[in-house]
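**Student:** Fit chain B to the supplied structure of chain A, relying on the hints for placement.
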Amino acid sequence: AQTVTQSQPEMSVQEAETVTLSCTYDTSESDYYLFWYKQPPSRQMILVIRQEAYKQQNATENRFSVNFQKAAKSFSLKISDSQLGDAAMYFCAYRSAGGAQKLVFGQGTRLTINP
Amino acid sequence: GAGVSQSPSNKVTEKGKDVELRCDPISGHTALYWYRQSLGQGLEFLIYFQGNSAPDKSGLPSDRFSAERTGGSVSTLTIQRTQQEDSAVYLCASSRNNGPNYGYTFGSGTRLTVV
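Note that the protein sequences, when read in sequence, are chains A and B. Plus 6 on top of the position in the first sequence (first one is 1) and you've got my numbering. Plus 3 on top of the position in the second sequence (first one is 1) and you've got my numbering.
This is chain A alone, in the form it adopts within the complex (with noise of 0.2 Å):
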């Protein structure tokens, strides 16, 4: 069964600085999709940012962006120029490419942003 762990419980960061928050997964699979998710105090999963395991390419979208290191089965997400907006709990997530369905997901970071 695949686990992701998310080593870091809380992270704080000063407004318009740059932070990153770890991600490790365990697979034997070779083609998944990882993910970030964001959670605000309205509970609501929003998705920033998602990776397809076969790209090399880090995705990026806006401030966000990942580093991928497939070997080291590695997904941290960097979020640059950070602000008051982005404070919140993050949870990464994995999918397989088939078969099992269901997101599987790390215990979660809860990001503080001081002003």
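Don't read these hints as lab results, they were simulated from the structure. Glycine included, every Cβ here is placed at the ideal spot set by N, Cα and C. A few of these clues could be false.
Beta-carbon label-pair distances, calculated as ranges [to be verified]:
id, chain 1, residue 1, chain 2, residue 2, range
1, A, Ala78, B, Gly6, 32 to 40 Å
2, A, Thr118, B, Thr79, 31 to 39 Å
3, A, Gln89, B, Glu71, 39 to 47 Å
Selected chain B positions facing chain A (Cβ under 10 Å, derived; list incomplete) [said to hold, decoys possible]:
id, residue
4, Gln44
5, Leu94
6, Ser111
7, Gly112
**Tutor:** Chain B in isolation, oriented as in the chain A frame:
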């Protein structure tokens, strides 16, 4: 509807009572997922529907938990004889199809408190 709707938003129930949680997915989304999020934890997969059938029920924690989906639309998660450890946020997500290229849209969840 425009988004995934879950009701009630909050539910307080007495230990031993049965509860029903409702999820109304985005119109046309054939795949529907239930997750449970205990306090300070990541999301735990419960069950996945494709249309009205449930190919994956592997996450249901006990036989007190059941779910159904009718008309390929609304889903109900039922917890019988609730216990205090059932207290959690129950999140529903839907997807246009079950393939990994289709993103998930999450609802805002039902916070269940068993007293």
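**Student:** Take the hints in turn and mark each one as holding or not.
**Tutor:** Here is what the structure says about each hint:
For the pair Ala78 of chain A and Gly6 of chain B, the beta carbons lie near 36 Å from each other, so the given range of 32 to 40 Å is met. Distance hint check: the CB atoms of Thr118 of chain A and Thr79 of chain B are about 37 Å apart, consistent with the given range 31 to 39 Å. Between Gln89 of chain A and Glu71 of chain B the C-beta distance comes to about 42 Å, which sits within the given range of 39 to 47 Å. Interface restraint check for Gln44 of chain B: the shortest CB-CB distance to chain A comes to about 6 Å, inside 10 Å, so the restraint holds.
Checking Leu94 of chain B against chain A: minimum C-beta separation of about 7 Å stays under 10 Å; hint holds. Among the interface hints, the one on Ser111 of chain B holds; its C-beta lies about 5 Å from the nearest C-beta in chain A, closer than the 10 Å criterion. Here the hint on Gly112 of chain B is kept, as its CB sits about 4 Å from the closest CB of chain A, short of 10 Å.
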